[in-house]
Each structure stands twice: as C-alpha cells, then as structure tokens.
Amino acid sequence: DTGVSQDPRHKITKRGQNVTFRCDPISEHNRLYWYRQTLGQGPEFLTYFQNEAQLEKSRLLSDRFSAERPKGSFSTLEIQRTEQGDSAMYLCASSPERAVYSGNTIYFGEGSWLTVV
Amino acid sequence: QQQVKQSPQSLIVQKGGIPIINCAYENTAFDYFPWYQQFPGKGPALLIAIRPDVSEKKEGRFTISFNKSAKQFSLHIMDSQPGDSATYFCAASRGGSTLGRLYFGRGTQLTVWP
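Chains as they are written, first to last, in the numbering used here: chain A, 19 to 135; chain B, 242 to 355.
It is worth saying that the hints were derived from the structure and are not from the lab. Since this is a predicted model, take the numbers as computed values, not measurements. One or more hints might be untrue.
Unchecked claim - The calculated DMTMM-like cross-link candidates involving lysine to aspartate or glutamate, where the alpha carbons are at most 25 angstroms apart (straight line), are:
{"no.": "1", "chain 1": "B", "residue 1": "Lys246", "chain 2": "A", "residue 2": "Glu74"}
{"no.": "2", "chain 1": "B", "residue 1": "Lys283", "chain 2": "A", "residue 2": "Asp104"}
{"no.": "3", "chain 1": "B", "residue 1": "Lys246", "chain 2": "A", "residue 2": "Glu46"}
{"no.": "4", "chain 1": "B", "residue 1": "Lys283", "chain 2": "A", "residue 2": "Asp81"}
{"no.": "5", "chain 1": "B", "residue 1": "Lys309", "chain 2": "A", "residue 2": "Asp25"}
{"no.": "6", "chain 1": "B", "residue 1": "Lys283", "chain 2": "A", "residue 2": "Glu128"}
{"no.": "7", "chain 1": "A", "residue 1": "Lys29", "chain 2": "A", "residue 2": "Glu128"}
{"no.": "8", "chain 1": "A", "residue 1": "Lys75", "chain 2": "B", "residue 2": "Asp272"}
{"no.": "9", "chain 1": "B", "residue 1": "Lys246", "chain 2": "A", "residue 2": "Glu62"}
{"no.": "10", "chain 1": "B", "residue 1": "Lys283", "chain 2": "A", "residue 2": "Glu62"}
{"no.": "11", "chain 1": "A", "residue 1": "Lys75", "chain 2": "B", "residue 2": "Glu267"}
{"no.": "12", "chain 1": "B", "residue 1": "Lys246", "chain 2": "A", "residue 2": "Glu96"}
{"no.": "13", "chain 1": "B", "residue 1": "Lys246", "chain 2": "A", "residue 2": "Asp25"}
Use the sequences and the hints to build the structure in full.
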C-alpha cells in the first residue's frame, strides 16, 4: 500500500493525558498536512509542512498541540493535556509541491480517531 | 466564519436520480475548487476539481458547474447508484504556496435508494 498511512487508527485516552499520532506520507510527496474533523463537519486545517519546514499553522492549533516533521518524511502530531473537546478524527494528507497545476492532487489518509474520556 | 457554505445537509434520491449539491464562497482569491467523497470510517478522496477559468467539468458520472460571477459551484451526479451513498464535501483553496490549505464545506450526506 503506497497511500498515506496513519497510526494509531483509534485512540481512547483519559482527559489530561498526552497523545501522539504518526503520519507516513506518500514517499515522493514533500508536502504534508494535518486536518481535524469532528462529526458532522468538514475537515479543518491545522498545519502543513514543506519538507521539514512548518510553513503555516491555523489558530486552531493551540499551545497544547505540536507537529513535527524532523527529517522531511514522516510527521507526528502531539496533543498535550488532552481535553474532551479534542475528541475528533485527525487526518493527515500529502501532495507533491506542485500539486494542482501539474495535474497532481492532495491525498488523505484514513485518519486517527481520538476519544477523550 | 465558514469560508465555504454547502447545502443541503442531507439528500435522498432513488437510483438513477440526479442529486445536486451546491456550494458558495466569498473569497475571490480562491482559484481551486475540489469535491471530496468520504465513506464512513475513511478519509476523504478527491472526486473531481475545477478551476475558475472553466464553467463546467465532467468526469464520468460527475459534473461540476461553476459560476464565477455568483461565486457558486455545484456537483451533479448522473445516474446515481447505491454505491454513491456517502458524504460529499466541497472545498476551496488559493493558489501559490497556500494551495494545500483547503477550506471545506460542512458536507452533504447522500443516500441513494435502490
């Protein structure tokens, strides 16, 4: 399978605990994105990387959230001191740098479901 | 503030019908308008996309109509099938370095009865 891979697929955690999600993009893609999706809503942008550089962060990405892509390949999204409002599906996506205008597109992974109890 | 407004929230049609989903946007800097299909428990998958220099694009049974002056675009599914039952999201993006940041609508849950 050469698609975007996310791990774990499901995570249940107690409020106040830290959680980390991992994303492995399609190998030749140098752009990597994180989105959050809650039930009944469309995905909301969190942040994106070009290679190892984090180029943009949404105001949704509070101080408790941190994303890294240390070697420009896989990425991690950590949520510290989780709150019930963090319960959502966290989606990772990747694309080549020159996505749309070169006929490429943005590919999403299957998502990581987080439930904070 | 919702950058892309989508309607209806849900839609039920019979097999062979032509469901139509509508979206509207305000930001004239948007220049890429994709539609994504999402099945339960799965990530969104690109269905079809359009740029504002064309008014219509067809790919198989899926057609996007685009009205630049009204800042509206819509998805038509011809000869709908039960397998098309899913949630559909419209989205919009600006060009250049921010191309990857997609602004999504809230989604339309489509049910196609056999």
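Quiz item: For this structure, which hints from the list above don't hold up?
Solution: 3, 4, 5, 12 and 13
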